[in-house]
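> From first to last, the protein sequence lines stand for chains V and D.
According to the working numbering, the first sequence is numbered sequentially starting from 1.
According to the working numbering, the second sequence is numbered sequentially starting from 1.
It is worth saying that the hints were derived from the structure and are not from the lab.
Glycine is no exception: its CB is placed at the ideal position from the N, C-alpha and C atoms.
Keep in mind that a hint or two might mislead.
Selected chain V positions facing chain D (in silico; Cβ < 10 Å) [claimed, not checked]:
hint: 1; residue: L67
hint: 2; residue: A142
hint: 3; residue: P152
hint: 4; residue: A153
hint: 5; residue: M158
hint: 6; residue: E159
hint: 7; residue: V202
hint: 8; residue: K205
hint: 9; residue: G207
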Amino acid sequence: MTSAWIYGTQGAEATAQLLAELGFSPHRVAANGTLRPAQGADRAPSLALILVGDDPDDPGEPACAELCARLAAEEELGEVPVIIAVEAGELVGAEVAEGHELLVAPFSLEELRARIGRARRAVHGVDHDDVVRVGGLELDLATYQVTVHGRPADFTYMEYELLKFLATHPRRVFTREALLARVWGYDYYGGARTVDVHVRRVRAKLGSELAGRIKTVRSVGYRWEDG
Amino acid sequence: MATGHHEFVLRTVEERGVRFVRLWFVDVLGLLKSFAIPVSELEGALTEGVGLDGSSLEGRTRLREHDVIAHPDPRTFQVLPWRPDSLVARMFCEVCMPDGDPFGADSRTILRRVLEQAAGLGYTMQVGCELEFFLFAALGEDGAAPRPLDDGAYFDLTPLDAGSDFRKRTIDYLEAMGIPVKASHHEVAPSQHEISLAHTDALSMADAVTTFRLAVKEAADELGAYATFMPKPLAEHPGSGMHLHVSLFEGERNAFHDPAPGVPLSPAGRAFVAGVLAHARELTAVTNQWVNSYRRLACGFEAPASVSWTLRGAAALVRVPQRRPGRAEAARFELRSPDPACNPYVVLALILAAGLRGIERGYELQAESVDDEPAPGDGHLPRDLREATDLFDASELARETLGDHLCDAFVRNKRREVDDERRTVTEFDRSRYLRLL
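With the rest of the complex left out, here is chain V (with noise of 0.2 Å):
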């Protein structure tokens, strides 16, 4: 399922509730420094949502900046959608990175879900509800159905995981051990060859047209081109 993470304290309660409203199972990161939730850290999250409080002496305040730049720094999350909520009195001097979706707390769920929608695109170029086309391939991540030119092709669950990742990642050169952790999210142990395997067979349902549109990258792994 996809999951949203929440770094910071204030009004975190009902943020969460708002988040499992629209479908996202929400995980409170804790503030010790961690990246990650206690539960639900097993792969990367749809969503990080960092709430940036009023009160500068709240040790649950997280140092937004230095939260980000962390978050863009490593290879699993660097590609999450992030939003920031800065209470509207904070909002001057307010650090959000160009590319981040700001949000003005108190929010409500239309506002909420419009900038997680804005934000999903900013990064993947698809939000949740869209469906990705290449080419004459179709992707509804809504419903797991993929189409080729039209006539459905039917994949197995990682299969399609994998078309998904790398078809909403495109032109950036991911390696085996990379796909394994973002698309499998555990460790597998057919190691790295399971992530060739699936490409093989992904290539071959997707037929010879669009099966070039993975490109192997000789001794790195794989990228997804979609001009």
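Let chain V serve as the given structure and place chain D on it in line with the hints.
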């Protein structure tokens, strides 16, 4: 199992309009068994499993009924590409006792357990596979020789090759099911075909071989033909083999690779092959599990007869291919005895167990066979199913790896088959004796 898998299966069934889901498992002989559940039962099947009579896994010699539970593996959920007007999907099952313990006659669970044990030692096995089979115009009348579809010869690509439409359709089906094909061509005998499957982990390969046999039969059926994996359907032509290409990885490193130039196998690779050879005679009952399998092994045509290995020959039990420079991950050996009518789960479990025993106990690899002549000391593979079954029955390695339940059920089946054959008056008897005596 992660809820993501369940959600994916349930959603796909709904979106695609799948009407039935077939739950697949194999019996102790590797024959595919299936029962269909309506989509309304799917969610319950995924969470709680489905009850069935476990004696259906014991082949043709069932002793008594066992209540067992088949748990579908949602990772293997796949919509079947044939008969697109009525969508059916399949999932492989693991069969357990009602208390959750593994059911001893379930080959797939046994292979998974053996692979997990190897993974605990840091090893994973990769397997590639070349499957041969025949395509006949129609089944022969009650014992009469079946009629081949063509007279094509090795690698022929001409209008003579009536099977090329068929191979294309088969390959389309296989690829639609996530079984990538490396190559396909016409084999030596009339109407004989070979399709090579790209290497993958052992469990996926065993599932792929099981799926392959059904896909090939479906494709043939649609063209009004009949495909068979019978090891030796035509006496005067080569039989069908299933050559396995095996490599072993330790972490991300191919444990068979030796960095020294010109050395085809590392010390671990040599010990692994030595283990496979040392136990080859005991394992022949599973690599060649039918009375008919021994007609293929008996008459040459590059089928192995002795426990031997070679770098260049075409007739040894094990061939170690020459390594191309810079392809460390391709270091492997080829086991040439299995036929495509074997139980791939059991065969792969035993190959891995035999090879790992070779590594653990430091087995020495015997001398290489040159020019297809057995090296001094090479043993002979069992000459018939009776000899093979006796060796298997007494194999401590087989019992340790597979467990007594599966071994006993397998041996019961094979002894019955040997007895049935012994009582049969064949074409050979009549042609040789009817007039003479």
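> Evaluate each hint against the coordinates.
Evaluation of the provided hints:
| no. | hint | result |
| --- | --- | --- |
| 1 | L67 | 28 Å, violated |
| 2 | A142 | 9 Å, holds |
| 3 | P152 | 6 Å, holds |
| 4 | A153 | 8 Å, holds |
| 5 | M158 | 7 Å, holds |
| 6 | E159 | 6 Å, holds |
| 7 | V202 | 8 Å, holds |
| 8 | K205 | 6 Å, holds |
| 9 | G207 | 8 Å, holds |
Hint 1 alone, counting from the list given before, is not met by this structure.
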